[in-house]
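> Those protein sequences? They're chains P and R, same order as listed.
Quick note: the first sequence uses this note's numbering, first residue 165, plus one each step.
Quick note: the second sequence uses this note's numbering, first residue 165, plus one each step.
Take the hints with a grain of salt, since some may be wrong.
A pair counts as met if it fits within one copy or between any two copies, since identical chains are not told apart.
[Unchecked claim] Pairs of lysine-lysine residues, derived as DSSO-like cross-links and limited to a Cα-Cα distance of at most 30 Å, are as follows: (1) 412 with 208; (2) 334 with 462; (3) 462 with 412; (4) 266 with 412.
FYI, nobody ran anything at the bench for these hints, they're computed from the structure.
Protein chains: 2
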Amino acid sequence: MKEYTFEDYRNIVENHLMDFIPDVDHKSITLYESMKYSLSAGGKRIRPVLLLATCDFCGGSIEEALPYACALEYIHNYSLIHDDLPCMDNDDLRRGRPTNHKVYGEAMATLAGDGLQAAAFEVMNHDMLLYFDDPAALKKRIRASYEISKGAGCRGMVAGQVADMEAEDKNCSQEMIDYIHLTKTAALIVAAVRAGAQLGNCDPEMLAQLTIYAENLGLAFQICDDILDVIGEEEKMGKKAGMDSINKKATYPALYGLEKSKEHLEELTDTAIEALARYYDNAEVLTKLAKDLEVRGK
Amino acid sequence: MKEYTFEDYRNIVENHLMDFIPDVDHKSITLYESMKYSLSAGGKRIRPVLLLATCDFCGGSIEEALPYACALEYIHNYSLIHDDLPCMDNDDLRRGRPTNHKVYGEAMATLAGDGLQAAAFEVMNHDMLLYFDDPAALKKRIRASYEISKGAGCRGMVAGQVADMEAEDKNCSQEMIDYIHLTKTAALIVAAVRAGAQLGNCDPEMLAQLTIYAENLGLAFQICDDILDVIGEEEKMGKKAGMDSINKKATYPALYGLEKSKEHLEELTDTAIEALARYYDNAEVLTKLAKDLEVRGK
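Using the sequences and the hints, build the whole thing.
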């Protein structure tokens, strides 16, 4: 059996990302173009890759998990489009290209985001219809879709966006920063891993360990981003650096400085890797992903 | 057995509308308040009422259909919040109260809309988890959720918003106006009726007739709104009248004048009622709803 690397999973996502967008009538073709513009901007595709890799790790079918991986990327992309809007972060650049509203206008960008979120759930719901005669397969899919809806919702990503916004300009406790990171960023990473695990054949113990891995990876991911924003490596980020400080965002570097943040990044990465490495000897893609992230933030 | 009226269904929706919003952490409490602000503004609740009434008409359980009815109202409300944003219709007033962004700001209003859409799918997904051991009940729920996702998405409501926006200031064909009305408004009305029917025990013939009913009702609903906008009955509408003309919206009254629009409203209502009355003698709530709408636009 072929062992997939991060790049392999990423290529699968890239090659099939538009496959699940519903047929949009030519009368609303600008909507389709605007959604496609953001989806085709590249990026690490870390969430769908994590979903596929975890499903694979748990003995599931990558092909069958693909609609859920793509749905997750639709949700991530909608959140980026809305996050970049003038009323939110007001960013002109994303992944080295003008942001969606800079090209299509604010109204279309708002609707493209809305359309992408709806598409995510339409894709997953449609996939469930195909497994009506296979109760076991159906249950896996409902669980995966539930994880994604929860991670994206008002206890997950959207709650995090709100808390992040409200924390601007304020002195934040570590508890508050952890809450922001857990919801804004880790919730969708956790959803990716837990959805992938349940689309595979995980047992409860495996699901518990994978959840620890995902939470720590998610926190590490946000701290890594915040470190890069301070170091100012615009090329690695594809967007303007130093914005967190200008916007007075609540971040680890702002609260503890760069060195302590790097230490914390290392701790989180170790905890993530440990959660899997102690129990499984075939979690290489997942542990390497955590390690690579740490190196990127160093 | 008690026969429910429109008001009965509406009261059930009003009394339970907040029940299904996931527990929002106190750290993101403004998000909850902002979502609640819009949900508690009243309105006709026509979509959830239609879902409940259709489910009831098809012999289903109103109580079991309630999460889907509320989810549909969450989606409708998110679309209103986003539609009112300055970059969209820029409305200050909705149902006689300041619009969401006037109270909570544009960023929070955007996120409240996003959170409401996510909540809709989280509610339905969560409900499916409760019926894991009942394949027949599970299938009904997946079908209902699929109808709602399709109606809300980039072939339905969002497509309609885009087409509506792009048609402003242009000379529109009737085909284009019909497309806008079918997607922007009728898609979610059709979703309400088809979801309700499938949560009940509809047969294919019943589903086909109910779909004809819903499409015609949906078109009638939009034309009725556009007539009221011209007649200028702000009280009936809860928002400023005459806005369509100012915004050069593509409407029936703009294309054909008031009299022809009223005639068309009557035709659509007759077709909707006919689709049910010819086959069923117990569709009173559904046919009365169509009739009341027609009278409102006269």
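> Taking the hints in turn, state whether each one holds.
Each hint tested on the structure:
1. For the identical chains of this complex, residue 412 and residue 208 are intra-copy neighbours only, at 26 Å inside a copy versus 43 Å across copies, given an alpha-carbon limit of 30 Å.
2. For the identical chains of this complex, residue 334 and residue 462 are intra-copy neighbours only, at 27 Å inside a copy versus 55 Å across copies, given an alpha-carbon limit of 30 Å.
3. Taking the shortest alpha-carbon separations for residue 462 and residue 412, only the intra-copy value of 23 Å comes in at or below 30 Å, while the best inter-copy value is 55 Å.
4. In this assembly of identical chains, the alpha carbons of residue 266 and residue 412 lie at most 30 Å apart whether taken from the same copy (24 Å) or from different copies (24 Å).
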